[in-house]
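**Q** Please work from the sequences and hints to get the whole structure.
Listed in order, the protein sequences are those of chains A and B.
Residues in the first sequence are numbered from 1 upward in steps of one, following my numbering.
Residues in the second sequence are numbered from 1 upward in steps of one, following my numbering.
Watch out, some of these pointers could steer you wrong.
Claimed, not checked - Partner residues are not named here, just some residues of chain A that face chain B (Cβ under 8 Å, in silico): (1) TRP201; (2) ARG203; (3) GLY214.
Hints were generated in silico from the structure; no laboratory data involved.
Source: prediction; values computed, not measured.
The beta-carbon is built from N, C-alpha and C at its ideal position, and this holds for glycine as well.
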Amino acid sequence: MRKKHLAALLLAMAVAPALAQTKVYRGDVLTVSGVIRDELGNPVPGAEVQLLEGATVLDSTTTGSDGSFTLSWQVPRDHELGPVTLTVYVPEQPSLYVEASSTTLSVEVWALAVLTASGPQRIHRGDTIAITGSVQGMDSGTVEVRRGGVTVATGPVREGQFNVSLAVPSDWPKGPLVLTVTTQAGSYVDVEECQVSAELWIRPEIVVTEVSGG
Amino acid sequence: MIELSRRYLALLPTLLTLSVALAAAGNQVVRGQALTIRVRVTDENGNPLRGVRVHFLDETDGVEVGVDSTDSTGYASVVWDTSLATPGAHSILIWTEEADFVESAQTRVSVVVLSPAELRLSVSAPAAVRPRRGFRVEVTVTNAGQAAALDVAVSLNESTKGAGDLPAGASTTLEFTAVAPDRPGEYSLSLLASGTEWGTGRRLSTSLEVSYRVELEGVALEIRAPPSVREGESFNFSLDLSNLGERPLPLSIQVNLTGARPGRIEDSLTLDPRSSVTRAYSATAVEADQVRISALAQGGDLRAWDEVVIQVLPADSHHPPPAEGGATTAPPQPPTGPPPTGHSPRAPARRGAALAVNVTTDVRARESAQSPVREISAAGSTLALVVLTVLRGLWRVEDP
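**A** Written out as structure tokens, the structure is:
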């Protein structure tokens, strides 16, 4: 879980300009902090502050003696991807003679597909090898195995797991080999690809060409 | 079309045999021969691999034949000196070292090490033969090795016969005819077999000496008769017959009498080796000046001949009849010609044993000289006659 911190400055009776769009991933914890001040710039302690997505209160707190507050929200893993408008809301508080006020924050919810994969250490031309692994943050989709930027095999992701068969081409050179495993990224999806290291070994063929007495 | 198919079908066994022979011969080597084993090492695509170390191991004898690295064309080779290799099938393991992302690999090749070709001779021939006779000699030449012997030939004295190619373990028998020398004694046959070893081209040769013996043989005949008889009187005479040879000798005897009855006597007998026998006969002198007795003993191609002349006295003569054995011996004559008609001088003395031996020996020589195979020795025969005459002349001189 990662944490994302946003700062907000709320001025009583005035709406602060929206903050620049912030990218958060599902599962991240978004932190919003700020200070409540009155029109004179004096901090307002003891005021209730809420973080809303629409009408849903995501978090709430009370400002400290210096008017500061901190709100946090863990982006659900099933949260819809895309732009989300969050509202920092100060409800009306008669006891403090504070009227309601709010400001908005724009964030983008992204998904992060993290791949882990493994395969045989020693491969040979003509072998069919299996690259297996999992994708965190993506239950379905397609993974690709690439060598030198060229896709050499693909396979489906099922329940976050994949098993891709790769027929080692006959023209690959011997020696160390790096295969990159990645996946096709959709909108608001980032991919953290992985690499599989192997060595391509030659299986020599010995042909007896002559057995002759001299 | 059918005819064409038949031709191919007829060729099929030959082709199959040829292919099998070629396959079998492909990996055969005669022990001592250098064998080259050459391999090519490639990758999965058939591209040559350079610098791969290739080991060659004789698994059968547990000996490393050699190591080589592949060249730029992927070839590596060793030359195997098979001098110390055990004869028989060998499995040669060929394997490569793992290096530079090239894995180890191996293969095997079978090589049959043949023991060298070895010619052996054996002979079947009589241990003893008669003089001047041809006799059969069977020579068997065998290849006791595992490598084939090519163009094998066998020589007996001046005669050479080919035995062709002899595969491993094969043998063939050749027949020769040899002729025994004239003189009795120990002799030997010199045999030589030669050929070429398959694979190496090495010259093969072996020889064998086989001894044999030329037997003594001969027959002797001597007539013993009185030097004179009275006309109309019966008298006895005898034939001393000797077999000088080493084998039993069947003889037929023919006695011709002139001036006496019967005029002809025929007899037969078999003489044991180296034995003598005396056969006695009777005859009656008829009215004539002399009685001539000629005898011929013949066994096979051996013959002996003798002749004596007996003086016939008038019936009223007072001359006492001499004892048997005192008759005059007529000069020896060839048995095939007419007997001599001349009257030889009377010789009343007994004949000594030594003389008998000389006579028979000469007779034998004379008779042998007349055998068909001895025509070339006519001069020898004449010499024998002269010797006989001289000996008889000496005998008469010494007679008291």
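**Q** State for each hint whether it applies.
**A** Hint by hint, here is what the structure shows:
| no. | hint | result |
| --- | --- | --- |
| 1 | TRP201 | holds (5 Å) |
| 2 | ARG203 | holds (5 Å) |
| 3 | GLY214 | holds (4 Å) |
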